[in-house]
Amino acid sequence: MESKFDNPLWLLAELTYRCPLHCVFCSNPIDYARSGPELATEDWLRVLREGRELGAVQLGFSGGEPLVREDLEVLVREAHALGYYANLITSGVGLDERRIAALRDAGLDHIQLSFQDSTRELNDFLSHTRTFDLKHRIARLIKRHGYPMVLNVVLHRYNLDHIETILEMAERLEVEYLELANTQYYGWAFQNRRLLLPTRQQIERAEAAVNRFRARIGTRMRVYFVVPDYFEQRPKPCMNGWGKVFLAITADGLALPCHSARIIPGLEFPNVRDLGLKSIWYESAAFNAFRGFGWMKEPCRSCPERFKDFGGCRCQAFLVGGDAAEADPVCDLSPHHGRIAAAIEGAAHGSAAPQAPYFRDDQNSRLLSSR
Amino acid sequence: MAAAREPLRPDDVPMLAAGVRLQWEPAQQSDVLLYPEGMVKLSQSAAEILKRVDGVTAVDAIIASLQQAFPGADLRADVFEFLGIGRERGWIGIKVR
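These protein sequence lines are chains Y and C, in that order.
For the first sequence, my numbering begins at 1 and goes up steadily by one.
For the second sequence, my numbering begins at 372 and goes up steadily by one.
Calculated from the structure, these hints are not laboratory results.
A quick note: this is a predicted structure, and the numbers were derived from the prediction, not measured.
Here a beta-carbon is modelled for each residue, glycine too, at the ideal position from N, C-alpha and C.
Among these hints, one or two may not hold up.
Only pairs whose alpha carbons sit at most 25 Å apart, straight line, appear in this in silico DSS-like list of lysine-lysine [claimed, not checked]:
id	chain 1	residue 1	chain 2	residue 2
1	Y	Lys-236	Y	Lys-308
2	C	Lys-466	Y	Lys-143
3	C	Lys-466	Y	Lys-244
4	Y	Lys-297	Y	Lys-308
5	C	Lys-466	C	Lys-422
6	C	Lys-412	Y	Lys-236
7	Y	Lys-244	Y	Lys-297
8	Y	Lys-308	C	Lys-412
9	Y	Lys-278	C	Lys-412
10	Y	Lys-244	Y	Lys-278
11	Y	Lys-244	Y	Lys-308
Label-pair distances were calculated between CB atoms; the ranges are [said to hold, decoys possible]:
id	chain 1	residue 1	chain 2	residue 2	range
12	C	Lys-422	Y	Glu-97	32 to 40 Å
13	C	Gln-439	Y	His-136	46 to 54 Å
14	C	Phe-441	Y	Arg-306	38 to 46 Å
15	Y	Glu-53	C	Asp-449	30 to 38 Å
16	Y	Phe-293	C	Arg-380	26 to 34 Å
17	Y	Arg-220	C	Arg-468	15 to 23 Å
18	Y	Glu-73	C	Pro-381	39 to 47 Å
19	C	Lys-422	Y	Ala-101	40 to 48 Å
20	C	Pro-397	Y	Ala-285	26 to 34 Å
21	Y	Arg-371	C	Leu-393	45 to 53 Å
22	C	Glu-452	Y	Arg-371	58 to 66 Å
23	C	Lys-466	Y	Pro-335	45 to 53 Å
24	C	Gln-439	Y	Pro-299	23 to 31 Å
25	C	Phe-441	Y	Glu-268	47 to 55 Å
So here's chain Y without its partners, still in its complex pose (with noise of 0.2 Å):
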């Protein structure tokens, strides 16, 4: 049975849905604040132990903010002793010099600092906190621990006109691995498209000046930087296929292919409190609900090109077709491509915000849920 699927090789432990930061373009499920209670120290130890058993070696700690988690260090030293590459995905809130010692200490790999913008303004309307000041002093502080500097930027319409502030910041900032991540339409962001998409001469624009800096950085600095998948004719490979080498776990808990998963209807996600990861990974239903190809409909299931694509995310063929068993969207042969095309062109011609941003909050939250 189970020498039919691959093991997963990354793992993704969404320790806490709590944060400090309120972001518009939060991943985090929209109705996060009806999570269950979060898992206790002993039950991610487990966790840890059982995804290494099944192959996983790249782990990620994410939240939320997994500063929160006063167990970090814990974790972290339990991850190093049993091989992980431990990362720590964090807005840097909660970080000092005794934390980052401890950690280091504790054998974590390395660090992603997000930041939002380059200027303070939009960094801290964004993130609706002031943490502007703060992040640089954690930037320098990462640097003097002798880690790697990761940053992490979130792109979208207010902010890829400043790219080429952003990349003099990361200059300045002597960071070593920049990741200019085009938002993707989930949970909080999807709730704020209409604010949040570019046009596509913002892309363009982008991707222009990206490839300017990376021609005079050379090595120094790797920069990633991928046309968001709504501006592109045919899906990205998702998660390189459901259930096939990513393996999210929820603070509450669920064992999911992809850290949005949980908004598909119809599937039961399996809790790590009540099921051993090998059992989840292999046999679950949820699990093997997309697995292969024997799920699709056309057009996807004569493409020649679902082995490369794999017929795209199911979370955006639902959110946005109806239908997670279907074509993602994004594909110019789905039937609801339609719909992509229109929100790009609402973004072109909606001059002022047509919204207010929903920021990421436990009211907006409940609000947002209860409808």
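Got chain Y sorted already, so can you dock chain C onto it with the hints?
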């Protein structure tokens, strides 16, 4: 792309860049190179080279060590090529003299 970079010299001492780790993975029956947000499965020859990249041994000595372990093969060009790729991808740095 890295036009400004000087080519690798025989007496350069290569080292794994910060945050890069070489490790045997039983599940994959292979050596892998781990780095921020990524990993690559290594061929046996790439792994043999990287095992000798320790921040102390110079390129020449790495080649000599490989020749001893795998006699008969001329590995010099392969080592220079692979270390060059490693530098391009940010896996390998050169120790400052």
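Here is what the structure says about each hint:
{"no.": "1", "hint": "Y:Lys-236 to Y:Lys-308", "verdict": "holds, 9 Å"}
{"no.": "2", "hint": "C:Lys-466 to Y:Lys-143", "verdict": "holds, 18 Å"}
{"no.": "3", "hint": "C:Lys-466 to Y:Lys-244", "verdict": "violated, 39 Å"}
{"no.": "4", "hint": "Y:Lys-297 to Y:Lys-308", "verdict": "holds, 16 Å"}
{"no.": "5", "hint": "C:Lys-466 to C:Lys-422", "verdict": "holds, 16 Å"}
{"no.": "6", "hint": "C:Lys-412 to Y:Lys-236", "verdict": "holds, 22 Å"}
{"no.": "7", "hint": "Y:Lys-244 to Y:Lys-297", "verdict": "holds, 20 Å"}
{"no.": "8", "hint": "Y:Lys-308 to C:Lys-412", "verdict": "holds, 20 Å"}
{"no.": "9", "hint": "Y:Lys-278 to C:Lys-412", "verdict": "holds, 23 Å"}
{"no.": "10", "hint": "Y:Lys-244 to Y:Lys-278", "verdict": "holds, 13 Å"}
{"no.": "11", "hint": "Y:Lys-244 to Y:Lys-308", "verdict": "holds, 13 Å"}
{"no.": "12", "hint": "C:Lys-422 to Y:Glu-97: 32 to 40 Å", "verdict": "holds, 35 Å"}
{"no.": "13", "hint": "C:Gln-439 to Y:His-136: 46 to 54 Å", "verdict": "holds, 50 Å"}
{"no.": "14", "hint": "C:Phe-441 to Y:Arg-306: 38 to 46 Å", "verdict": "holds, 42 Å"}
{"no.": "15", "hint": "Y:Glu-53 to C:Asp-449: 30 to 38 Å", "verdict": "holds, 36 Å"}
{"no.": "16", "hint": "Y:Phe-293 to C:Arg-380: 26 to 34 Å", "verdict": "violated, 51 Å"}
{"no.": "17", "hint": "Y:Arg-220 to C:Arg-468: 15 to 23 Å", "verdict": "holds, 19 Å"}
{"no.": "18", "hint": "Y:Glu-73 to C:Pro-381: 39 to 47 Å", "verdict": "holds, 44 Å"}
{"no.": "19", "hint": "C:Lys-422 to Y:Ala-101: 40 to 48 Å", "verdict": "violated, 30 Å"}
{"no.": "20", "hint": "C:Pro-397 to Y:Ala-285: 26 to 34 Å", "verdict": "holds, 29 Å"}
{"no.": "21", "hint": "Y:Arg-371 to C:Leu-393: 45 to 53 Å", "verdict": "holds, 51 Å"}
{"no.": "22", "hint": "C:Glu-452 to Y:Arg-371: 58 to 66 Å", "verdict": "holds, 59 Å"}
{"no.": "23", "hint": "C:Lys-466 to Y:Pro-335: 45 to 53 Å", "verdict": "violated, 58 Å"}
{"no.": "24", "hint": "C:Gln-439 to Y:Pro-299: 23 to 31 Å", "verdict": "violated, 58 Å"}
{"no.": "25", "hint": "C:Phe-441 to Y:Glu-268: 47 to 55 Å", "verdict": "holds, 54 Å"}
In summary, the numbered hints that this structure violates are 3, 16, 19, 23 and 24.
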